[in-house]
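Chemist: So the chains spell out like this:
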Amino acid sequence: GNSVTQMEGPVTLSEEAFLTINCTYTATGYPSLFWYVQYPGEGLQLLLKATKADDKGSNKGFEATYRKETTSFHLEKGSVQVSDSAVYFCALSDNQGGKLIFGQGTELSVKP
Amino acid sequence: EAGVAQSPRYKIIEKRQSVAFWCNPISGHATLYWYQQILGQGPKLLIQFQNNGVVDDSQLPKDRFSAERLKGVDSTLKIQPAKLEDSAVYLCASSFDRVGNNEKLFFGSGTQLSVL
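Heads up: the protein sequence lines correspond to chains A and B, in order.
Residue numbering for the first sequence follows the numbering used here, starting at 1214 and increasing by one per position.
Residue numbering for the second sequence follows the numbering used here, starting at 91 and increasing by one per position.
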């Protein structure tokens, strides 16, 4: 069945460092791919998405490219801020049943 | 616009007791989801409603969990009787239509359940 695998956390970075959080998926067909973020004490919210191969999703300085050949959707940011500290979830949707399947989440901690 | 509302925010019960969670989705959203998020894991879908009909409840432990969405608006999720392994955050989410290429999912803040 469909599944999502993320790199394990926690990831600890200094402010202005480069961020990569790896995400790979297993799916039949052509899923849509998402990154959700959960800030401390808040609900999950959509960060960015890509709906077909080679699409790049971007938001708030974060970006991820839908790579069908490597079944990956890695999250990147060139310069992280303390305010980016949160848990990041990679997810996919099979575009048929309409449900999201999430990875286990990666906690990011950015130190000043 | 108002977001997805959930209550209570926290609940502590003993095993074998019953508990119920309530969700009010964003106005006009036809699709409603209940997810279970165990500590250290990603959210797992329990049940999906389209209006007041069930679309997917394949991962709902039906011997103890039940959910309803009367009139296609509010929803309640019940656990009876609770087990220790039910300790988790229960998230409600809604979307205008089924999540797909262009549909966005909105999450509530969740109900944190501790079963002692």
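Just so you know, the hints here were simulated from the structure itself, not pulled from any lab data.
Accuracy of the hints is not assured; some may be wrong.
In silico DSS-like pairs for lysine-lysine, Cα to Cα no more than 25 angstroms straight-line [claimed, not checked]:
#, chain 1, residue 1, chain 2, residue 2
1, B, Lys152, B, Lys168
2, A, Lys1269, B, Lys194
3, B, Lys105, B, Lys173
4, B, Lys161, A, Lys1290
5, B, Lys161, A, Lys1265
6, B, Lys101, B, Lys194
7, B, Lys161, B, Lys105
8, B, Lys161, B, Lys194
9, B, Lys105, A, Lys1265
10, A, Lys1290, A, Lys1273
11, B, Lys194, B, Lys105
12, A, Lys1265, A, Lys1290
13, B, Lys194, A, Lys1281
14, A, Lys1273, B, Lys194
15, B, Lys152, B, Lys173
16, A, Lys1281, A, Lys1269
17, B, Lys134, B, Lys168
18, A, Lys1290, A, Lys1269
A partial selection of chain B residues facing chain A, derived with a Cβ cut-off under 8 angstroms [as the list claims (entries may be wrong)]:
#, residue
19, Tyr100
20, Gly130
21, Gln131
22, Gly132
23, Pro133
24, Ala178
25, Leu181
26, Leu195
27, Ser199
No experiment lies behind these values; they were computed from the predicted model shown.
Note that the Cβ used here is the ideal one computed from N, Cα and C, for glycine as well.
Chemist: None of the hints should be skipped; say for each whether it holds.
Modeler: Verification of the supplied hints:
no.: 1; hint: Lys152(B) / Lys168(B); verdict: 10 angstroms, holds
no.: 2; hint: Lys1269(A) / Lys194(B); verdict: 17 angstroms, holds
no.: 3; hint: Lys105(B) / Lys173(B); verdict: 5 angstroms, holds
no.: 4; hint: Lys161(B) / Lys1290(A); verdict: 44 angstroms, violated
no.: 5; hint: Lys161(B) / Lys1265(A); verdict: 36 angstroms, violated
no.: 6; hint: Lys101(B) / Lys194(B); verdict: 29 angstroms, violated
no.: 7; hint: Lys161(B) / Lys105(B); verdict: 31 angstroms, violated
no.: 8; hint: Lys161(B) / Lys194(B); verdict: 22 angstroms, holds
no.: 9; hint: Lys105(B) / Lys1265(A); verdict: 45 angstroms, violated
no.: 10; hint: Lys1290(A) / Lys1273(A); verdict: 9 angstroms, holds
no.: 11; hint: Lys194(B) / Lys105(B); verdict: 36 angstroms, violated
no.: 12; hint: Lys1265(A) / Lys1290(A); verdict: 21 angstroms, holds
no.: 13; hint: Lys194(B) / Lys1281(A); verdict: 22 angstroms, holds
no.: 14; hint: Lys1273(A) / Lys194(B); verdict: 17 angstroms, holds
no.: 15; hint: Lys152(B) / Lys173(B); verdict: 14 angstroms, holds
no.: 16; hint: Lys1281(A) / Lys1269(A); verdict: 12 angstroms, holds
no.: 17; hint: Lys134(B) / Lys168(B); verdict: 16 angstroms, holds
no.: 18; hint: Lys1290(A) / Lys1269(A); verdict: 13 angstroms, holds
no.: 19; hint: Tyr100; verdict: 12 angstroms, violated
no.: 20; hint: Gly130; verdict: 7 angstroms, holds
no.: 21; hint: Gln131; verdict: 5 angstroms, holds
no.: 22; hint: Gly132; verdict: 3 angstroms, holds
no.: 23; hint: Pro133; verdict: 5 angstroms, holds
no.: 24; hint: Ala178; verdict: 13 angstroms, violated
no.: 25; hint: Leu181; verdict: 7 angstroms, holds
no.: 26; hint: Leu195; verdict: 6 angstroms, holds
no.: 27; hint: Ser199; verdict: 4 angstroms, holds
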